[in-house]
Each structure stands twice: as structure tokens, then as C-alpha cells.
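Peer 1: Sequence:
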Amino acid sequence: RGSRFSPRDMVERGFNNEGVVVAGAHLSGKIDLLHILENGHMEVRDFKTGKPALDWHGKDEFEKIKLHKYRQQLLFYKLLVENSASFHKKFTAAAGALEFIEPDEKGSLVPDLELSFENEELERFTRLIGAVWTHIIKLDFPDTSIYPKNLRGIQQFEQDLIDGSLGSQ
Numbered sequence: 001r002g003s004r005f006s007p008r009d010m011v012e013r014g015f016n017n018e019g020v021v022v023a024g025a026h027l028s029g030k031i032d033l034l035h036i037l038e039n040g041h042m043e044v045r046d047f048k049t050g051k052p053a054l055d056w057h058g059k060d061e062f063e064k065i066k067l068h069k070y071r072q073q074l075l076f077y078k079l080l081v082e083n084s085a086s087f088h089k090k091f092t093a094a095a096g097a098l099e100f101i102e103p104d105e106k107g108s109l110v111p112d113l114e115l116s117f118e119n120e121e122l123e124r125f126t127r128l129i130g131a132v133w134t135h136i137i138k139l140d141f142p143d144t145s146i147y148p149k150n151l152r153g154i155q156q157f158e159q160d161l162i163d164g165s166l167g168s169q
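Numbering follows our numbering, with no gaps: position 129 of the sequence shown is 129.
Check the hints yourself; a few may be wrong.
[As the list claims (entries may be wrong)] Label-pair restraints from in silico Cβ distances:
| id | residue 1 | residue 2 | range |
| --- | --- | --- | --- |
| 1 | D60 | I146 | 22 to 28 Å |
| 2 | G14 | I101 | 30 to 36 Å |
| 3 | G24 | I101 | 33 to 39 Å |
| 4 | N150 | R124 | 35 to 41 Å |
| 5 | K30 | T92 | 17 to 23 Å |
| 6 | K30 | K106 | 29 to 35 Å |
| 7 | S165 | R4 | 42 to 48 Å |
| 8 | I101 | R127 | 28 to 34 Å |
[Claimed, not checked] Cross-link-like lysine-lysine pairs, in silico, PhoX-like; alpha carbons within 25 Å at most:
| id | residue 1 | residue 2 |
| --- | --- | --- |
| 9 | K51 | K106 |
| 10 | K64 | K90 |
| 11 | K30 | K59 |
| 12 | K149 | K64 |
| 13 | K106 | K138 |
| 14 | K66 | K138 |
| 15 | K59 | K149 |
| 16 | K30 | K90 |
| 17 | K90 | K59 |
| 18 | K64 | K30 |
| 19 | K106 | K90 |
| 20 | K89 | K48 |
| 21 | K51 | K69 |
| 22 | K106 | K66 |
| 23 | K59 | K89 |
| 24 | K66 | K48 |
| 25 | K106 | K30 |
| 26 | K138 | K48 |
| 27 | K51 | K66 |
| 28 | K69 | K149 |
What the hints contain is simulated information worked out from the structure, not anything from laboratory work.
Here a beta-carbon is modelled for each residue, glycine too, at the ideal position from N, C-alpha and C.
Generate coordinates for the entire structure from the input sequences, incorporating the hints supplied.
Peer 2: Written as C-alpha cells, this is what we have:
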């Protein structure tokens, strides 16, 4: 896949000193690859090891949870880029992707798992960041034992954080 890299791309780009604040939360991180496109657009890309996923649906509960977290990671990266001192109002993270660097069981590399950023999903995720940040600042770590240990339970917990209705089930 080396031919896909461009001299303009940025690898292992850190955001620790970029002053990123989203929904009151101070954010930092490191993005594996910023693939620079035309007209002020870029793609945020993350390299993954392990068993590759072919779509965002997941075959079992474990993979569904993993893919949910991966989606959030790419959304987080979009927010890092677009709210950073270096890229704010200069670049838009138009899309994200996971690149699985290990071959599948047949020995082939699978196509990248692409993600188009939807405003509704990004807005919900931004509210989730704000809600989590509030709990962190207050050192208020809620009991999650009432939530099922599956994707639906995780999503319900996230929604309860956003709504401020933890434990009201």
C-alpha cells in the first residue's frame, strides 16, 4: 500500500499542544495518518492489527462493540483535526478509514473500512464527550453494572450520560 502515500500526508501526527477543546473537554491524541486531499480536505486514517472487519455491522457481539469503538475513534479524530490550532478553518476531515494491516485468513489484505461522517452521529458524539468530561471533572464515576454487557447496553449508557439520566432505568 506504500504507493498510496503522498509526500503531503502526515504520519503519527500528535495533537497534544493544539489546544483542542470540544464541548468543554480538553482533547489530545495521535492520528496514524492524515491523508491530505484537494481543496482543504483530508481523511483521518487509523491502522489496525488483528482480524480485519469487512463492514461496520460486525459478525458477533464482540465485533459489534469493537466496531462501535472504532467509529468513535474516527469521529474523535475528525474533532481533533477540525478544532486544532494547526488545522481549524484550514482543513475539513471529510472522511475516515481503518486500514487493517494484517491479511485475512486467505492471506489477502482487505479493502479499507471507510466511514463517511454524518452530522447527526458527530453531534451525538460531541454531546457524549461533553457529558463524559463533566463526570471526569467532578470525579463522578457512575456505576455501570445496571447496563447489559453488550452493544445495546453501551449505547444506552452513552445515551443516559448525554441525557443526564444515569440509573433511571
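Peer 1: Determine for every hint whether it applies to the structure shown.
Peer 2: Status of each hint after checking the structure:
The beta-carbon spacing between D60 and I146, approximately 24 Å, falls within the hinted interval of 22 to 28 Å. With their beta carbons about 20 Å apart, G14 and I101 fall outside the hinted range of 30 to 36 Å. As the Cβ distance of G24 to I101 is approximately 35 Å, the hint placing it in 33 to 39 Å holds. At roughly 19 Å, the beta carbons of N150 and R124 sit outside the given window of 35 to 41 Å.
For the hinted restraint 17 to 23 Å between K30 and T92, the CB-CB distance of approximately 20 Å keeps it satisfied. The hinted window of 29 to 35 Å between K30 and K106 holds, with their beta carbons roughly 32 Å apart. Distance hint check for S165 and R4: the Cβ-Cβ separation is about 45 Å, which falls inside the suggested range of 42 to 48 Å. Judged by the Cβ atoms, the range 28 to 34 Å given for I101 and R127 holds: they are separated by roughly 33 Å.
With a CA separation close to 12 Å, the supplied pair K51 and K106 stays within the 25 Å bound. Only pairs whose Cα atoms come within 25 Å are accepted, and K64 paired with K90 is rejected, the gap being roughly 34 Å. The hinted pair formed by K30 and K59 fails the criterion: a straight-line CA distance of about 29 Å is larger than 25 Å. Distance check on the hinted pair: K149 and K64 sit about 12 Å apart at the alpha-carbon level, within 25 Å; holds.
Taking the CA atoms of K106 and K138, the gap is near 50 Å; set against the 25 Å cutoff, the hint is violated. Only pairs whose Cα atoms come within 25 Å are accepted, and K66 paired with K138 is rejected, the gap being roughly 28 Å. Taken as a hint, the K59 and K149 pair is honoured in the structure, with Cα atoms around 17 Å apart against an allowance of 25 Å. Proximity of K30 to K90 is assessed by CA-CA distance (about 19 Å); at most 25 Å being required, the pair is judged to hold.
Restraint check for K90 and K59: not satisfied, since their Cα atoms lie roughly 39 Å apart, outside the 25 Å limit. Between the alpha carbons of K64 and K30 the distance comes to roughly 24 Å, so the proposed pair stays at or under 25 Å and holds. Between K106 and K90 the CA atoms are separated by roughly 42 Å; this puts the pair beyond 25 Å, and the hint is violated. The suggested pairing of K89 with K48 is violated, with an alpha-carbon distance near 29 Å, which exceeds 25 Å.
For the proposed pair K51 and K69, the alpha carbon gap of about 15 Å is at most 25 Å, so the pair holds. For the given pair, K106 sits about 22 Å from K66 by alpha-carbon distance, which is consistent with the 25 Å threshold. Taking the CA atoms of K59 and K89, the gap is near 39 Å; set against the 25 Å cutoff, the hint is violated. Restraint check: the Cα-Cα separation between K66 and K48 comes to about 12 Å, which is no more than 25 Å; the hinted pair holds.
Proximity of K106 to K30 is assessed by CA-CA distance (about 31 Å); at most 25 Å being required, the pair is judged violated. In summary, the hint linking K138 to K48 is not supported, as the alpha carbons are separated by about 34 Å, beyond the 25 Å threshold. With a C-alpha separation of about 11 Å, the suggested pairing of K51 with K66 holds against the 25 Å cut-off. Only pairs whose Cα atoms come within 25 Å are accepted, and K69 paired with K149 is accepted, the gap being roughly 14 Å.
Of the numbered hints given earlier, the model fails hints 2, 4, 10, 11, 13, 14, 17, 19, 20, 23, 25 and 26; all others are met.
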